[in-house]
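Asker: Okay, here's what each chain looks like letter by letter:
2 protein chains.
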Amino acid sequence: MNKISELLKIKYPIIQGGMIWCSGWELASAVSNSGGLGLIGSGSMYPDVLREHIQKCKKATNKPFGVNLPLLYPQTDDHINVILEECVKIVFTSAGNPKKYTGFLKEKGVIVVHVIANEKFALKCEEARVDAIVAEGFEAGGHNGFEETTTMVLIPQIKKIISVPLIAAGGIGTGNSMLAAMALGADAVQIGSRFAASLESSAHENFKQEILNTKDGGTKLSLKRLVPVRLIRNKFLREIEELEQRGESREQLLELLGRGRAKKGMFEGDLDEGELEIGQVSAGVSAILPATQIIEEIIMEFNQAKNRLNNFQF
Amino acid sequence: MNKISELLKIKYPIIQGGMIWCSGWELASAVSNSGGLGLIGSGSMYPDVLREHIQKCKKATNKPFGVNLPLLYPQTDDHINVILEECVKIVFTSAGNPKKYTGFLKEKGVIVVHVIANEKFALKCEEARVDAIVAEGFEAGGHNGFEETTTMVLIPQIKKIISVPLIAAGGIGTGNSMLAAMALGADAVQIGSRFAASLESSAHENFKQEILNTKDGGTKLSLKRLVPVRLIRNKFLREIEELEQRGESREQLLELLGRGRAKKGMFEGDLDEGELEIGQVSAGVSAILPATQIIEEIIMEFNQAKNRLNNFQF
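These protein sequences, in sequence, are chains X and C.
Residue numbers for the first sequence follow this note's numbering, beginning at 460 and rising by one.
Residue numbers for the second sequence follow this note's numbering, beginning at 460 and rising by one.
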């Protein structure tokens, strides 16, 4: 059996990444109903909005689902209260120190998984006694690590130093890449970009179409002086880069950036002025499909690729 | 059978990357004698030095071997003359346009493989009728692409648009990562960093030790305004970055860089003032082993990982 399937009580070891402005209850429940684990991305939700999404998700599926909780917002405590009040049993924390909430959440019976991008935080996760770790490579969309370690290199590195189950993320969107991640030592995969462009994603239609339009080299790990984030190369990104090249300070950058750019791009569909977070794997996404079809395709490809590998005999 | 093993007449689909200052005749012949394909890295050799290495390699092995030929040096024509006079039958070209020499070399009966890092050059390779393509991801050491596409994303992308056999490079140094590359669609792998730290590598002992010392995040894709190259983070790299942040021009950077920095670091062992080209996978290299032991380990791991994958049944 598979350690992650057992831990999370899911059929397939496929986790849909919790993404701001993309993964509300529609996507999370669709993924969970299809045998994966759906995650509600709380990063773009006020506490009462999160509560509404959890309640709707519970109605839409009787399968396990979870909430992704980035630890970089001031309202984290409120989010945690909602999660506990609504009896959500799985939380993926990210973008912060796993020691802060893991013990508290686990005492309340919550399964805690933390997202990391380097060895240092993987070790912190083990000390914090998380139930599993997501290791996310440089190619992933959204927030990322300063080390720029890719999935191909990160997964074996992390596997070597931890004992809890390991979920690979970054560059994964097909059965072949799922199999590759497992060859590297992962027990499961987390897939973001491909689900961001799914039928049930709450992203704006313009953003979904732009994901399909993204080509080789169409994204870039940016904002390295603030917190590195992978974005589609658009007008907004070019302006940021000009500011960075002019040597603007961290504070000036933050001010000029303004607020709400991710909402503007991903939820309101302003492809010029908005911040469009997506992974490199978007270059391979060519259709907006229902989550269930995405998962079926991935499992079919996975099995085909596994059979193909058996032809290599040495 | 394996397309690359057939094309190159080798036992294992493992190619030792042709690396400046590391892969002379000792390493190339050791790899070829062990069932892989050894490549002499001509990029750091004058034409008469290349001739000497080819002649010694022919004496040291009766198995196929080749020469890596970066197309960015003024002496390329002289190198090609030496290669043809010495009857080398396999050439890996890189860092340039595959259309320039492929036709000429193939007319002379040479198998031509070209190294690329993006879709655009993969298509050029097909038009140039190369015999195979090496697709090299962002995590690879040395020269790299502007797109920063990682191996996990690049291999499936390239596989989709080409028909010739595909060799994956970047982030590969173990049997697990070799299997991952093949799950992604590669027919073979090219391994550099691990062989740079092998017993038969001609790199300076200091550089080999520094490869073992390299940790997670210890390398960086640098010199992006000249030609991107992945280097160990040392004093030399910090100085370069200061110059870049000051906004120095391309020409000023080139002048301040000076010449011979790679030789100084990799061949003469000056870890402060030298340029140390190595891949991210160096963080996982922990011993200086003979090439034959490296290959045996990789094949053993590959077979074990393949059996392990068969436990995943959906």
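Hints listed in this document are in silico derivations from the structure and should not be mistaken for laboratory results.
One or more hints might be untrue.
As the list claims (entries may be wrong) - Derived DMTMM-like pairs (lysine to aspartate or glutamate); straight-line CA-CA distance at most 25 Å:
no.	chain 1	residue 1	chain 2	residue 2
1	C	K567	C	E586
2	C	K619	X	E586
3	C	K683	C	E664
4	X	K619	C	E756
5	C	K674	X	E586
Claimed, not checked - Just so you have them, the derived chain X footprint on chain C, three or more residues with Cβ under 8 Å:
no.	region
6	600–612
7	633–644
8	685–699
We put the beta carbon where it would ideally sit given N, CA and C, even for glycine.
Asker: Work down the list of hints and note, for each, if the structure agrees.
Answerer: The hints, checked one at a time:
1. Under the criterion of a C-alpha separation no larger than 25 Å, the hint pairing C/K567 with C/E586 is consistent with the structure, at around 18 Å.
2. Restraint check: the Cα-Cα separation between C/K619 and X/E586 comes to about 43 Å, which exceeds 25 Å; the hinted pair is violated.
3. The suggested pairing of C/K683 with C/E664 is violated, with an alpha-carbon distance near 28 Å, which exceeds 25 Å.
4. This hinted pair checks out: X/K619 and C/E756 have alpha carbons roughly 17 Å apart, not beyond 25 Å.
5. A C-alpha spacing of about 21 Å is found between C/K674 and X/E586, which places the hinted pair at or below 25 Å, so the restraint holds.
6. Under the rule that three or more residues need a Cβ within less than 8 Å of chain X, the assignment of the region 600–612 of chain C holds, with 9 such residues.
7. Under the rule that three or more residues need a Cβ within less than 8 Å of chain X, the assignment of the region 633–644 of chain C holds, with 10 such residues.
8. Counting residues of the region 685–699 of chain C whose CB lies closer than 8 Å to any CB of chain X gives 0, which falls below the minimum of 3, so the coverage claim is violated.
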